[in-house]
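Guided by the hints, dock chain C onto chain Y, whose structure is given.
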Amino acid sequence: MNGKTADVGTPQAKTGAAMVLGGGIGGMEAALSLAESGIKVYLVEGKPSIGGVMSQLDKTFPTNDCAMCTMAPRLVAIGRHKDIEILSMTDVETLEGGPGHFTATLRKRSRFIDEGKCTGCGTCVANCPTRNKVQPLPATAVEVEPRFRDKAREIVERNRGRKGLLMPILQEVNSAFNYLPEDVLSFVSRETGYPLSHIYKVATFYGAFSTVPRGKHLVSVCMGTACYVKGGERLLEKFSDRLEVKVDGTTRDMKFTLKSARCIGCCGLAPAVMIDNVVYGRLSVGDVPKILDKYKGA
Amino acid sequence: MPGLSYDGFDKKREEARREISRRDDSFRGRITVHMGTCGIAAGAREVLSSFKEELGKDDIRDVRLSTSGCAGMCSKEPMVTVESAGGPIVLYGDITPDKAVRILKDHVQGGNPVREYALGVGPELAGIPFFRKQKTIVLRNRGVIDPDSLDECIARDGYSALEKVLRGMKPEDVIEEIKMSGLRGRGGAGFPTGRKWEACRAEENTPKYLIGNCDEGDPGAYMDRSIFESDPHAVIEGMTIAAYAVGASHGYFYIRTEYPLAIRSADNAISQAREHGLLGSDILGSGFGFDIEIREGSGAFVCGEESSLIHSIEGVSPEPRQRPPFPVQVGIWGCPTVINNVETLATVPAILLHGADWFSGIGTKTSKGTKIFSLVGAINNTGLIEVPMGITLREVIYEIGGGIQGNRKFKAVQTGGPSGGCLPESMLDLPVDYESLREAGSMMGSGGMIVIGEDSCMVDIAKFFVQFTNDESCGKCVTCRDGSDAMLEVLTRITQGEGRQGDMEFLEDLCLAVKDASMCGLGTTIPNPVLSTMKYFREEYEAHIAGKKCPALACRSLIRYHILPEKCSGCRLCLKNCPVGAIAGELKHIHVIDQSKCTKCGVCLEVCPPKVLAVVKVSGDDIGKLHVLEKPVPVETFREKH
Chain Y
6 MNGKTADVGT
16 PQAKTGAAMV
26 LGGGIGGMEA
36 ALSLAESGIK
46 VYLVEGKPSI
56 GGVMSQLDKT
66 FPTNDCAMCT
76 MAPRLVAIGR
86 HKDIEILSMT
96 DVETLEGGPG
106 HFTATLRKRS
116 RFIDEGKCTG
126 CGTCVANCPT
136 RNKVQPLPAT
146 AVEVEPRFRD
156 KAREIVERNR
166 GRKGLLMPIL
176 QEVNSAFNYL
186 PEDVLSFVSR
196 ETGYPLSHIY
206 KVATFYGAFS
216 TVPRGKHLVS
226 VCMGTACYVK
236 GGERLLEKFS
246 DRLEVKVDGT
256 TRDMKFTLKS
266 ARCIGCCGLA
276 PAVMIDNVVY
286 GRLSVGDVPK
296 ILDKYKGA
Chain C
1326 MPGLSYDGFD
1336 KKREEARREI
1346 SRRDDSFRGR
1356 ITVHMGTCGI
1366 AAGAREVLSS
1376 FKEELGKDDI
1386 RDVRLSTSGC
1396 AGMCSKEPMV
1406 TVESAGGPIV
1416 LYGDITPDKA
1426 VRILKDHVQG
1436 GNPVREYALG
1446 VGPELAGIPF
1456 FRKQKTIVLR
1466 NRGVIDPDSL
1476 DECIARDGYS
1486 ALEKVLRGMK
1496 PEDVIEEIKM
1506 SGLRGRGGAG
1516 FPTGRKWEAC
1526 RAEENTPKYL
1536 IGNCDEGDPG
1546 AYMDRSIFES
1556 DPHAVIEGMT
1566 IAAYAVGASH
1576 GYFYIRTEYP
1586 LAIRSADNAI
1596 SQAREHGLLG
1606 SDILGSGFGF
1616 DIEIREGSGA
1626 FVCGEESSLI
1636 HSIEGVSPEP
1646 RQRPPFPVQV
1656 GIWGCPTVIN
1666 NVETLATVPA
1676 ILLHGADWFS
1686 GIGTKTSKGT
1696 KIFSLVGAIN
1706 NTGLIEVPMG
1716 ITLREVIYEI
1726 GGGIQGNRKF
1736 KAVQTGGPSG
1746 GCLPESMLDL
1756 PVDYESLREA
1766 GSMMGSGGMI
1776 VIGEDSCMVD
1786 IAKFFVQFTN
1796 DESCGKCVTC
1806 RDGSDAMLEV
1816 LTRITQGEGR
1826 QGDMEFLEDL
1836 CLAVKDASMC
1846 GLGTTIPNPV
1856 LSTMKYFREE
1866 YEAHIAGKKC
1876 PALACRSLIR
1886 YHILPEKCSG
1896 CRLCLKNCPV
1906 GAIAGELKHI
1916 HVIDQSKCTK
1926 CGVCLEVCPP
1936 KVLAVVKVSG
1946 DDIGKLHVLE
1956 KPVPVETFRE
1966 KH
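Residue numbers (the working numbering), protein chains in the order written: chain Y, 6 to 303; chain C, 1326 to 1967.
In short, the hints are calculated from the structure, not lab data. As the structure is a computational prediction, the values presented were derived from the model and not from experiment. Every residue, glycine too, gets a C-beta built ideally from N, C-alpha and C. Among the hints, erroneous ones may be present.
As the list claims (entries may be wrong) - Lysine-lysine pairs mimicking DSS-like chemistry, simulated, CA-CA at most 25 Å apart:
no. : chain 1 : residue 1 : chain 2 : residue 2
1   : C       : Lys1873   : C       : Lys1840
2   : C       : Lys1801   : Y       : Lys87
3   : C       : Lys1942   : C       : Lys1925
4   : Y       : Lys301    : Y       : Lys260
5   : Y       : Lys45     : C       : Lys1942
6   : C       : Lys1942   : C       : Lys1901
7   : C       : Lys1489   : Y       : Lys295
8   : C       : Lys1377   : Y       : Lys299
9   : C       : Lys1873   : C       : Lys1901
10  : C       : Lys1801   : Y       : Lys64
11  : C       : Lys1901   : Y       : Lys295
12  : Y       : Lys251    : C       : Lys1922
13  : C       : Lys1801   : C       : Lys1460
14  : Y       : Lys87     : Y       : Lys206
15  : C       : Lys1801   : Y       : Lys206
16  : C       : Lys1925   : Y       : Lys251
17  : C       : Lys1925   : C       : Lys1936
18  : C       : Lys1337   : C       : Lys1489
19  : Y       : Lys52     : Y       : Lys87
20  : C       : Lys1950   : C       : Lys1966
21  : C       : Lys1860   : C       : Lys1840
22  : C       : Lys1942   : C       : Lys1922
23  : Y       : Lys295    : C       : Lys1925
24  : C       : Lys1901   : C       : Lys1913
25  : Y       : Lys87     : Y       : Lys64
26  : C       : Lys1966   : C       : Lys1913
27  : Y       : Lys295    : Y       : Lys251
28  : C       : Lys1956   : C       : Lys1901
29  : Y       : Lys206    : Y       : Lys64
30  : Y       : Lys206    : Y       : Lys168
Stated by the list, open to error - Across the chosen pairs, the derived CB separations fall in these ranges:
no. : chain 1 : residue 1 : chain 2 : residue 2 : range
31  : Y       : Gln61     : C       : Gly1906   : 49 to 57 Å
32  : Y       : Thr68     : C       : Leu1753   : 57 to 65 Å
33  : C       : Gln1920   : Y       : Lys156    : 49 to 57 Å
34  : Y       : Val81     : C       : Asp1796   : 23 to 31 Å
35  : Y       : Lys156    : C       : Asp1796   : 53 to 61 Å
36  : C       : Ala1838   : Y       : Cys123    : 40 to 48 Å
37  : C       : Phe1651   : Y       : Pro200    : 28 to 36 Å
Only chain Y is shown next, with the shape it has when bound in the complex (with noise of 0.2 Å):
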């Protein structure tokens, strides 16, 4: 293909078009912010696929985040938008104009594949006599623990068809097992078709989800202003000495999961601490061992 011209807004049309250059992650959620805001996005990148650096890297710096954790919903997104346009293996040979009318020549290198035609069958990788063979990954069969099956399922039934049901599926998979267990997460996934990578992102973005198992009762200390003010900070650390675990962690009875609350709404007896669904306020460091007595037997 030889000069094809983008032709990136003109006077007449002044919503017109934008052009991205480069796919790494910058790019990448630049033309996600610009889809979302109703604006067609010409993603060009020189590679023959989007992804950059990025797509190279374990973890980043400096949070020690999962590279691909980021990357794979942007990933997943641009390809699904109608409003982006991916150029791979496109360079910018002249851009000229301004802000608001510029036009861009850019030059698009052959892959010797017509895209048009091309479904992805990947027959091509295997039958290349000069590549190494690349071997797609069988698809795998999900099985969930027994102890999970039945209630994930009836779960996600009660859920189909309704519109946005993955928060509700998810809240109700973390209360009825007191977590996300991860099988139960495959199972979501191969059900409801959102990529396990997606699941995962909105998993670990709540504070009430957790991945890993929690004890029967979860103990949630509030944070809040009028608690912290009042000595919250100190009916945490009575907590966290008496159930012998840190914050976020479990006691190893599996009984008792210690958090620390972000406000529980109840700032009006404050200090609070929230166990389950139960409220007990007006709290001072001495009434920890009482409180926790009660759920000793249960």
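Relative to chain Y, chain C alone:
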């Protein structure tokens, strides 16, 4: 059951009123236990069962026992209201099951109110300082009606505004009325509600959606929870009117998962409204259809931000997005969406019933009507208050709040949650409205008002808020994610006594950068607590950095616990209570704290008898002035020497 028509609704209202007055007449007394989350936490359930048990034991049938939402005065929970036939209404506070038995015997059966437990009797109630300055519009039904009873709500004009709107007002008239009333968003930013509705109505895309935002994440604010717990129908009615005005057909309540009682109450109210044709495909026979669905949050503060909230319901990662397009243009499922705070929605019916003029007659020039605040922290009367805009902070804190707890001194009041700021004593005469709070470096926010006493350190408070927002930052913008990290690092350093010269200047620069370059409301307001504390409490920062001293004696790294040898009586109380065994001594010997073991938990100070008061906290240069003993010596030997 078929839904009500207009006439059917009128009839139902009449019937409900008649029925309730007949019911009240048929009982000798009525006991209402206030069962909001706060009340239950303080022991209202036990009080209720004590009443039940006593009534059952003596087989008393002519006393009606009912429950209702919170009465507002959290510091006096559990509360009980008692009306006896012919007698005055009495509000009791701090009730225990034992006190309940006495109230039943003396007041309900004997006719003599128990004065010593009463907060007020009959007309006195309105005169109690806590209630006197309040003006209840949104909270008019709090503690009065049973939130689970649609009849009680309708008898007190519930859904009357909706009927009026559907019967005789065009959507444009409704929007005009709301615009005239000057109602602004109660969630924090204060955007004029009428203009938001108008913008959504003008959109051509359909369907349109409404979202009631009850993701009340601001620590220290709980009015939205209380509204749902005491008068859920007001929110449903307000939302239905809003839907009619903008032309929406479906709505969501987004409620925090931390509010189980509010969720239950809202859910129950929605089913009742559906059953009576007040929600559904043909509301009151008008042909207008609207329904509401509840969606729960899952513990992410950023979801209170509108675009993030939309993402959360849609089931995508709840990060905010760039605007425009605004949600009124492109909102949930890509359709025009109005997001209103539930307090805003609960205000709407009152405005339409009483008129825009009535509403705009209350408040200041730019901020109309009333606002609910949660008055909490180091204050005597904590609770939810609804006051006219323009009231001064001094009136709120000293008259309604009854001053600072324990005769301590006032230091600051924090408004607007983690996005707001701390205002010092010199700002107490500030009228409370959107503009003046913003000018002073704070903001209205959702209405949390946390009073801070002299024993809290302002650097520590700033650190607390940055820690909060740092935890809750979604991580999309670098300035918010890493800027708050850097802020937290510097603030932590300062509170640990490792502050350096230049730290404050650095903080200021950093704050401005974060403010400028972050995208959503969370990031742009992270610096507010830091900037406002640096502005009004600069000397505290300086004391920490230059003098290595925490004037409020709150920062653990900078304080030291010490036993004054001239006061210690050698009673061994502190020694026995010290969790780490850092105190040495024996009976009749002056005790000594081993600073290398001390974790500064403060137990020794708490247990030291009030007559002795030998344990003190000191900080900074005062540490050098202490008379430190090497090891315990007998009290008598020491006294003889000195």
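**Report entry** Distance restraint between lysine 1801 of chain C and lysine 1460 of chain C, which requires alpha-carbon spacing of 25 Å or less
**Finding:** Roughly 42 Å between the alpha carbons, so the hint for lysine 1801 of chain C and lysine 1460 of chain C is violated.
Report task. Take a quick look at whether lysine 1873 of chain C and lysine 1840 of chain C sit within 25 Å of each other, Cα to Cα. Result -> Roughly 29 Å between the alpha carbons, so the hint for lysine 1873 of chain C and lysine 1840 of chain C is violated.
Requested in this report: Assess, step by step, whether the Cα of lysine 295 of chain Y is no farther than 25 Å from the Cα of lysine 1925 of chain C, and give holds or violated.
Outcome: Holds, at about 24 Å.
Query raised in the report: Is the hinted pair lysine 1801 of chain C and lysine 87 of chain Y satisfied, with a Cα-Cα distance of at most 25 Å?
Result: Cα-Cα ~23 Å, so holds.
Query raised in the report: Keeping to a limit of 25 Å between CA atoms, is the pair of lysine 1901 of chain C and lysine 1913 of chain C held or broken?
Result: holds (14 Å)
Report task. Take the C-beta atom of glutamine 61 of chain Y and the C-beta atom of glycine 1906 of chain C, compute their distance, and say whether it sits inside 49 to 57 Å. Result -> Distance hint for glutamine 61 of chain Y, glycine 1906 of chain C holds at roughly 54 Å.
Requested in this report: Hint says 49 to 57 Å; check whether the CB-CB distance for glutamine 1920 of chain C and lysine 156 of chain Y agrees.
Outcome: For lysine 156 of chain Y against glutamine 1920 of chain C, whose Cβ atoms are near 55 Å apart, the range 49 to 57 Å holds.
Report task. Given the range 57 to 65 Å, decide if the beta-carbon distance of threonine 68 of chain Y to leucine 1753 of chain C lies inside it. Result -> 41 Å Cβ-Cβ, so the 57 to 65 Å window is violated.
Query raised in the report: Given the hinted pair lysine 1956 of chain C and lysine 1901 of chain C, is their alpha-carbon gap at most 25 Å?
Result: Satisfied, since the Cα-Cα distance of roughly 17 Å is no more than 25 Å.
Query raised in the report: Are the Cα positions of lysine 301 of chain Y and lysine 260 of chain Y separated by 25 Å at most?
Result: holds (9 Å)
Query raised in the report: Is the hinted pair lysine 251 of chain Y and lysine 1922 of chain C satisfied, with a Cα-Cα distance of at most 25 Å?
Result: holds (20 Å)
Query - 25 Å Cα cutoff - pair lysine 1925 of chain C, lysine 1936 of chain C - result: Holds - the C-alpha atoms of lysine 1936 of chain C and lysine 1925 of chain C are around 22 Å apart, at most 25 Å.
When each numbered hint is compared with the structure, violations occur for hints 1, 5, 7, 9, 13, 25, 32, 35.
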